[in-house]
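Peer 1: One letter stands for each residue in the lines below.
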Amino acid sequence: AQSVTQPDIHITVSEGASLELRCNYSYGATPYLFWYVQSPGQGLQLLLKYFSGDTLVQGIKGFEAEFKRSQSSFNLRKPSVHWSDAAEYFCAVGPDYKLSFGAGTTVTVRA
Amino acid sequence: DTAVSQTPKYLVTQMGNDKSIKCEQNLGHDTMYWYKQDSKKFLKIMFSYNNKELIINETVPNRFSPKSPDKAHLNLHINSLELGDSAVYFCASSQLKGTDLYEQYFGPGTRLTVT
Numbered sequence: 005a006q007s008v009t010q011p012d013i014h015i016t017v018s019e020g021a022s023l024e025l026r027c028n029y030s031y032g033a034t035p036y037l038f039w040y041v042q043s044p045g046q047g048l049q050l051l052l053k054y055f056s057g058d059t060l061v062q063g064i065k066g067f068e069a070e071f072k073r074s075q076s077s078f079n080l081r082k083p084s085v086h087w088s089d090a091a092e093y094f095c096a097v098g099p100d101y102k103l104s105f106g107a108g109t110t111v112t113v114r115a
Numbered sequence: 002d003t004a005v006s007q008t009p010k011y012l013v014t015q016m017g018n019d020k021s022i023k024c025e026q027n028l029g030h031d032t033m034y035w036y037k038q039d040s041k042k043f044l045k046i047m048f049s050y051n052n053k054e055l056i057i058n059e060t061v062p063n064r065f066s067p068k069s070p071d072k073a074h075l076n077l078h079i080n081s082l083e084l085g086d087s088a089v090y091f092c093a094s095s096q097l098k099g100t101d102l103y104e105q106y107f108g109p110g111t112r113l114t115v116t
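Here the protein sequences come in this chain order: E and C. Residue numbers for the first sequence, in the working numbering: 5 to 115. Residue numbers for the second sequence, in the working numbering: 2 to 116.
Think of the hints as simulated: they come from the structure by calculation, not from any bench. Using N, Cα and C, we set each Cβ at its ideal position, and we do this for glycine too. Do not rely on the hints blindly, as some may be mistaken.
What the hints assert, rightly or not - Just so you have them, the derived chain C footprint on chain E, three or more residues with Cβ under 8 Å: (1) 80-88; (2) 104-112.
Unchecked claim - Here are the simulated SDA-like pairs of lysine to any residue, each with C-alpha atoms no more than 20 Å apart in a straight line: (3) Lys102(E) to Val115(C); (4) Lys41(C) to Asp12(E); (5) Lys42(C) to Gly66(E); (6) Lys42(C) to Thr9(E); (7) Lys42(C) to His14(E); (8) Lys45(C) to Thr3(C); (9) Lys53(E) to Lys41(C); (10) Lys65(E) to Gly45(E); (11) Lys45(C) to Lys65(E); (12) Lys37(C) to Gly45(E); (13) Lys102(E) to Thr3(C); (14) Lys45(C) to Ile13(E); (15) Lys42(C) to Gly63(E); (16) Lys23(C) to Gly45(E); (17) Lys41(C) to Lys65(E).
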């Protein structure tokens, strides 16, 4: 069975600073990996996805993520955070189209 | 234009009542989902329909019954509501075609509070 662990429950970052959110997955074969963002009171929005190929993937809103098979990780990064990036971030793993989501990381941005 | 919409946004009701949540998508997708997000923000799939046919049915109490009148709509009916049903329920949709299946578009959620 597939599963996702997001080790950081809450991260606080200053506006303009870089951000990295960790995601570790468990899956027996090559996984499909996703990052979603949930702004307060909103539904989830897909930030980026990895299916195969280049292990560094670019997403929307200036985010990128890197797939590292050796570490079973798919960490999300942004070089310079904006106040609007304050949200809940979820990593998810497929295939098996019942996506498995991590518990989420809350990002707080301080001025 | 709202891609995936849900009604109502908030639902407060008493234990034992029956309630429904409606979902509609205008993306032309053929697959829709219901997720439950608990108070710790853990997100878990409940059901999925493809072209009105149930394809995912997780271990959910049979008090929960999804219905899909057409591929653009997926409703969730809950009988005999319990305190533990309090959560945010998200509807989502995608296209059942290759990797498009995994690109799910979520609605804004329905916050259900059972008192």
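Peer 1: Hint by hint, say whether it matches the structure.
Peer 2: Comparing the hints with the structure gives:
1. Coverage of the region 80-88 of chain E by chain C is violated in this model, with 0 residues showing a Cβ closer than 8 Å to a Cβ of that chain against a need of three.
2. Coverage of a stretch by a chain is defined here by at least three residues with a beta carbon nearer than 8 Å to that chain's beta carbons; for the region 104-112 of chain E and chain C the count is 3, and the condition holds.
3. Taking the CA atoms of Lys102(E) and Val115(C), the gap is near 27 Å; set against the 20 Å cutoff, the hint is violated.
4. Distance check on the hinted pair: Lys41(C) and Asp12(E) sit about 14 Å apart at the alpha-carbon level, within 20 Å; holds.
5. Restraint check for Lys42(C) and Gly66(E): the C-alpha separation of about 25 Å exceeds 20 Å, so the hint is violated.
6. Between Lys42(C) and Thr9(E) the alpha-carbon distance is near 14 Å, which keeps this suggested pair within the 20 Å criterion.
7. Distance hint between Lys42(C) and His14(E) is fulfilled; the C-alpha atoms sit about 12 Å from each other, no more than 20 Å.
8. The suggested pairing of Lys45(C) with Thr3(C) is violated, with an alpha-carbon distance near 23 Å, which exceeds 20 Å.
9. Proximity of Lys53(E) to Lys41(C) is assessed by CA-CA distance (about 24 Å); at most 20 Å being required, the pair is judged violated.
10. With a CA separation close to 19 Å, the supplied pair Lys65(E) and Gly45(E) stays within the 20 Å bound.
11. Our distance criterion of 20 Å between C-alpha atoms is broken by Lys45(C) and Lys65(E), whose separation comes to about 26 Å.
12. For the proposed pair Lys37(C) and Gly45(E), the alpha carbon gap of about 15 Å is at most 20 Å, so the pair holds.
13. As the CA atoms of Lys102(E) and Thr3(C) are separated by approximately 24 Å, the hinted pair breaks the 20 Å bound.
14. With a CA separation close to 18 Å, the supplied pair Lys45(C) and Ile13(E) stays within the 20 Å bound.
15. For the hint pairing Lys42(C) with Gly63(E), the CA-to-CA distance comes to about 23 Å; that exceeds 20 Å, so the pair is violated.
16. With a C-alpha separation of about 18 Å, the suggested pair Lys23(C) and Gly45(E) falls inside the 20 Å cut-off, and the hint holds.
17. Taking the CA atoms of Lys41(C) and Lys65(E), the gap is about 26 Å. The hint is violated against a cut of 20 Å.
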